[in-house]
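My request is simple: use the sequences and hints to build the entire structure.
Residues per chain are reported as follows:
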Amino acid sequence: METRTKNVSLEDLQEIVGAEHAREATPDDAVDGIEPAFIAEPGSVEEASELLRFASGEGLAVAPRGGGTKVSLGNPPRELDLILSTARMNEVVEHVPGDQVVRVQAGMRLQDLQERLAGSDQMLGIDPPEEGATIGGIVAANSTGPRRYRYGTIRDLIIGIRVVLADGTVAKAGGKVVKNVAGYDLSKLFTGSLGTLGVIAECNFRLHPRPEAARTVAVELESTLAAGQAAQAILHSQLVPSAVELHWGEETRLLTVLIEGIPPAVEAQAETASYLLRGFGELMDGEAGSLAPSGAGDEVAIKISAPPAELTGILDSTLGACSRRGLTPRITGHAGVGVTYVALPGGDEEVAATEDEGTNATTPSEEAQVQVVEELREIWSRRGGSVVVREASPSFKKRVEVWGPLGSRLELSRRVKEKFDPRGILNPGRFVGGI
Amino acid sequence: MERGRLIRTMQAILGPEGVISEREELRSYECDGLMNYRVIPELVVLPETAEQVQKIVRVCYDEGIPFVARGSGTGLSGGALPVEAGILIVLSRMRRILEVDIPNQRVVVEPGVINMWVSNEVADDGYYYAPDPASQIVSSIGGNLAENSGGVHCLKYGFTTNHVMGAEVVLPDGSMVNIGGGKAPDAPGYELLGAFVGSEGTLGIATKITLRIVRKPESVRTLLAAFKDTEEAGGAVSGIIGAGIVPAAIEMMDALCIEAVETAVHPGFPQVGAILIVELDGPAAEVENQFEQTLKTCEENNASEIRVAEDDTERALFWKGRKAAFAAMGRISNDYYVQDSVVPRTELGTVLKKISEIGEQHGMRVANVFHAGDGNLHPLVLYDNNIPGEAEKAEEVAGEIVLTCLEHGGSLTGEHGIGVDKMKYMPKMFSEEDLNTFQLLRCAFDPHQICNPGKILPTPRLCGERPGPFRMHPVQKAGLAENF
Numbered sequence: 001m002e003t004r005t006k007n008v009s010l011e012d013l014q015e016i017v018g019a020e021h022a023r024e025a026t027p028d029d030a031v032d033g034i035e036p037a038f039i040a041e042p043g044s045v046e047e048a049s050e051l052l053r054f055a056s057g058e059g060l061a062v063a064p065r066g067g068g069t070k071v072s073l074g075n076p077p078r079e080l081d082l083i084l085s086t087a088r089m090n091e092v093v094e095h096v097p098g099d100q101v102v103r104v105q106a107g108m109r110l111q112d113l114q115e116r117l118a119g120s121d122q123m124l125g126i127d128p129p130e131e132g133a134t135i136g137g138i139v140a141a142n143s144t145g146p147r148r149y150r151y152g153t154i155r156d157l158i159i160g161i162r163v164v165l166a167d168g169t170v171a172k173a174g175g176k177v178v179k180n181v182a183g184y185d186l187s188k189l190f191t192g193s194l195g196t197l198g199v200i201a202e203c204n205f206r207l208h209p210r211p212e213a214a215r216t217v218a219v220e221l222e223s224t225l226a227a228g229q230a231a232q233a234i235l236h237s238q239l240v241p242s243a244v245e246l247h248w249g250e251e252t253r254l255l256t257v258l259i260e261g262i263p264p265a266v267e268a269q270a271e272t273a274s275y276l277l278r279g280f281g282e283l284m285d286g287e288a289g290s291l292a293p294s295g296a297g298d299e300v301a302i303k304i305s306a307p308p309a310e311l312t313g314i315l316d317s318t319l320g321a322c323s324r325r326g327l328t329p330r331i332t333g334h335a336g337v338g339v340t341y342v343a344l345p346g347g348d349e350e351v352a353a354t355e356d357e358g359t360n361a362t363t364p365s366e367e368a369q370v371q372v373v374e375e376l377r378e379i380w381s382r383r384g385g386s387v388v389v390r391e392a393s394p395s396f397k398k399r400v401e402v403w404g405p406l407g408s409r410l411e412l413s414r415r416v417k418e419k420f421d422p423r424g425i426l427n428p429g430r431f432v433g434g435i
Numbered sequence: 436m437e438r439g440r441l442i443r444t445m446q447a448i449l450g451p452e453g454v455i456s457e458r459e460e461l462r463s464y465e466c467d468g469l470m471n472y473r474v475i476p477e478l479v480v481l482p483e484t485a486e487q488v489q490k491i492v493r494v495c496y497d498e499g500i501p502f503v504a505r506g507s508g509t510g511l512s513g514g515a516l517p518v519e520a521g522i523l524i525v526l527s528r529m530r531r532i533l534e535v536d537i538p539n540q541r542v543v544v545e546p547g548v549i550n551m552w553v554s555n556e557v558a559d560d561g562y563y564y565a566p567d568p569a570s571q572i573v574s575s576i577g578g579n580l581a582e583n584s585g586g587v588h589c590l591k592y593g594f595t596t597n598h599v600m601g602a603e604v605v606l607p608d609g610s611m612v613n614i615g616g617g618k619a620p621d622a623p624g625y626e627l628l629g630a631f632v633g634s635e636g637t638l639g640i641a642t643k644i645t646l647r648i649v650r651k652p653e654s655v656r657t658l659l660a661a662f663k664d665t666e667e668a669g670g671a672v673s674g675i676i677g678a679g680i681v682p683a684a685i686e687m688m689d690a691l692c693i694e695a696v697e698t699a700v701h702p703g704f705p706q707v708g709a710i711l712i713v714e715l716d717g718p719a720a721e722v723e724n725q726f727e728q729t730l731k732t733c734e735e736n737n738a739s740e741i742r743v744a745e746d747d748t749e750r751a752l753f754w755k756g757r758k759a760a761f762a763a764m765g766r767i768s769n770d771y772y773v774q775d776s777v778v779p780r781t782e783l784g785t786v787l788k789k790i791s792e793i794g795e796q797h798g799m800r801v802a803n804v805f806h807a808g809d810g811n812l813h814p815l816v817l818y819d820n821n822i823p824g825e826a827e828k829a830e831e832v833a834g835e836i837v838l839t840c841l842e843h844g845g846s847l848t849g850e851h852g853i854g855v856d857k858m859k860y861m862p863k864m865f866s867e868e869d870l871n872t873f874q875l876l877r878c879a880f881d882p883h884q885i886c887n888p889g890k891i892l893p894t895p896r897l898c899g900e901r902p903g904p905f906r907m908h909p910v911q912k913a914g915l916a917e918n919f
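Residue numbers (my numbering), protein chains in the order written: chain U, 1 to 435; chain P, 436 to 919.
Hint data in this document are derived by calculation from the structure and do not stem from the laboratory.
Certain hints may be false.
[To be verified] Residues of chain U placed beyond 10 Å of chain P at every Cβ, according to the derived structure:
#, residue
1, I16
2, G57
3, V93
4, Q111
5, R116
6, E220
7, E267
8, P307
9, G407
[Stated by the list, open to error] Across the chosen pairs, the derived CB separations fall in these ranges:
#, chain 1, residue 1, chain 2, residue 2, range
10, P, S654, U, E222, 55 to 63 Å
11, U, E222, P, V649, 26 to 34 Å
12, U, G57, P, E868, 17 to 25 Å
Cβ atoms here follow ideal geometry from the backbone N, Cα and C, with glycine treated the same way.
Now the structure itself:
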């Protein structure tokens, strides 16, 4: 599928953002193999507004982009003409430590924000692992990390938002106070919306004090049953851990508990955590190595969301589905909240080369991956959860829809999209239900 | 639809006991906790199941009849104020706790379940439901959801929206959707649940709600500190927050409030310029350490007296005093106008001074009780309705206070909602574009604008013409909107 530049020239865009801030796209800018024509980097909300108004008038398909760490999320775009990058909108607008509130532009990288806040012994309670992720991207993709156990997800931290809609309208919701029920909570509506409702320009967050000390207690798990039981023991205790994480690889099988706070509290709780966990395996100190997805092109990464008490079932179903098809998964997860990440490795390169004659031929390993994902999706959707494909090749995405069934929500979701982006120019086709 | 036929239609769905049509009985539903606005509904219906709610709403949708949902009717912004010629759907008969799932830390309830019942239900398992508005012994979960209710513990624990994990919702066209993951996190798609909580009953009716429950903390310590005035007390608050402590609650009351509360419930509070109630909870080692620090900070800020609650009884007494504040106003004044503004915490000192000046200028007394940790103020403008002109003056004072809070970067409402009460101030906080964008969301859920119309947004814009012969929209008929 090719993109159309329609009647738009690079000069049209440069007129809005300046000559140095709009350029032609390169293959690196592709989204799931679909290359846009142009990239533009507005330097302000006003420029972003003008850009979108222009794009809307010309019917250009637009994809907002922050750090580009989640470009692979979603279905391949139905159309893509322009990438709107927030890279230049990267400053702190206001930080009042006494209010524990920060207002920040969407293009600022999380790591830079955290560094700035650390100067006042504060932090934003979100820790997605992707380096280079921007604030706007984190909100749009609902990115999370281990500390969601204690601090919630981005929707629990965001208190205000400023967005640019597809037609260029600039609107805000919420404010800069933690307690605020005036108007609709559009800040929350935009979390996880993957750039399909508008471009996020600014976000306001409530902050937390930065913990003084930290310790990780880990237990080596002897079985999937032990994993589930260990997690439950921590969940129902009176401990207040920052994170409860699972690592399940071929060699390492750990449940880790991160305790943060003032030193006496960290010590006392680490002791209690050790006491609770020792019944489930050998105790270990310190962090586990990373089991992050390898990023290999043919690897399929999925996210299983399920009730937290189902951890053993999640492990068993995943391991079972994989072993039956000769795949060895790498599993990590936020065991305390019911989120599990599974990386399904791709297959034998040689086998792939000889078998892949036609453009649509499926390798045996891709077939196995498809079956595993479909099986897990069937099981966990029935149990009230979901399986989302986070990263996969375009050919895999053709076979397995990324998001899974939406049920009764689809109709309402379509109406919301239609109201905010009636011409459908923002990330068309990438979201749930093909929105 | 002609009234008689409407009554018969509703009776066919609910049985005669589910429909109230006599004027004298309808009167009891003419207002919620905000008593200066009263509208007698056309009809009151009391469903007992989600299916009945669906059928009622379907009739409303087909006939173009506006409707308003009501829980316990304790709201303070007129969210459950009936609409002229509309139906009031009262959910208090849907009061079952449907499921308690301790392993997943979830409770599923019907909307009429009272807030406090949830904590009571899971107390023996060592759990509780965290959002604790002062009305919690009477307000319903459905109402809490509609208003995104807060309470004294929300600085640390968040609001209703942080504790509602899923909901089954009847949309204004009578269809049913399930939003939020319920027991599972991160349901794919739009954060519809986040938009729905706090939407003040304008987007649909929740018929089943999945709540998150929280493990009781290992240790709780509460103190009460007396100060010369709110400024000194404010200094202590800054000191505590500045030390990186996140109290479970930190409340302030001024002299007028203290006086009223003492007359009403006799908690034995020191009669001083301002008192602070600070509560810390969490792991024992953390609480012990931070409590010592808190005591020291209060002393450093010239606390004239500090009382530490020795046991649960004493702790309950401190809170009884605080939570009785609004009701206690009746002891020192015939009437009062309660406000719910928010300012950034760092602006509290300045704003309190301004409030006192505004009160003086108009010759009116203003009592202050507020959530010092998050800047949520409840100025209570005291007046006597028997004296002509006082009510109007009180409203004027209240209005000036609201605008002052906005000027200092605050919000119109921290927990009571906009409803009808604060609608006229919305354009002061939000631009035309902001309000139009809110309207987009509303139109997506309620294209025919029959769901609690006339609330939140002033001069609502209709969502688009319907094809076919012209039918005057009920909102238009009720004089609540113009066609653009």
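- Task: Confirm or reject the claim that G57 of chain U and E868 of chain P have a C-beta distance inside 17 to 25 Å.
- Result: Given range 17 to 25 Å: holds, Cβ gap about 18 Å.
- Regarding the assertion that E220 of chain U does not contact chain P, is the least Cβ-Cβ distance greater than 10 Å? 24 Å, holds
- Check the following: the C-beta atoms of S654 of chain P and E222 of chain U are separated by a distance inside 55 to 63 Å. 33 Å, violated
- V93 of chain U and chain P, when compared Cβ to Cβ, separated by more than 10 Å: 12 Å, holds
- CB of E222 of chain U to CB of V649 of chain P, is that within 26 to 34 Å? 30 Å, holds
- Is it correct that the beta-carbon of I16 of chain U has no partner in chain P closer than or equal to 10 Å? Holds, because the least Cβ-Cβ distance between I16 of chain U and chain P comes to about 20 Å, which exceeds 10 Å.
- Message: Would the non-interface assignment of P307 of chain U survive a Cβ cutoff of 10 Å against chain P?
- Response: 4 Å, violated
- Task: May I ask you to check that Q111 of chain U keeps its beta-carbon over 10 Å from the closest beta-carbon of chain P?
- Result: 22 Å, holds
- Item | Least C-beta distance from R116 of chain U to chain P larger than 10 Å | Nearest chain P Cβ is 17 Å from R116 of chain U, so the label holds.
- Against chain P, does G57 of chain U keep a CB gap of more than 10 Å to every residue? The claim stands: G57 of chain U keeps its Cβ more than 10 Å from every Cβ of chain P (closest is about 18 Å).
- Are all C-beta atoms of chain P more than 10 Å from that of G407 of chain U? 7 Å, violated
- Hey, is E267 of chain U genuinely clear of chain P, shortest beta carbon separation above 10 Å? Since the minimum Cβ distance to chain P is about 7 Å, E267 of chain U lies within 10 Å and the statement is violated.
In this structure, the hints that do not hold are numbers 7, 8, 9, 10, in rising order.
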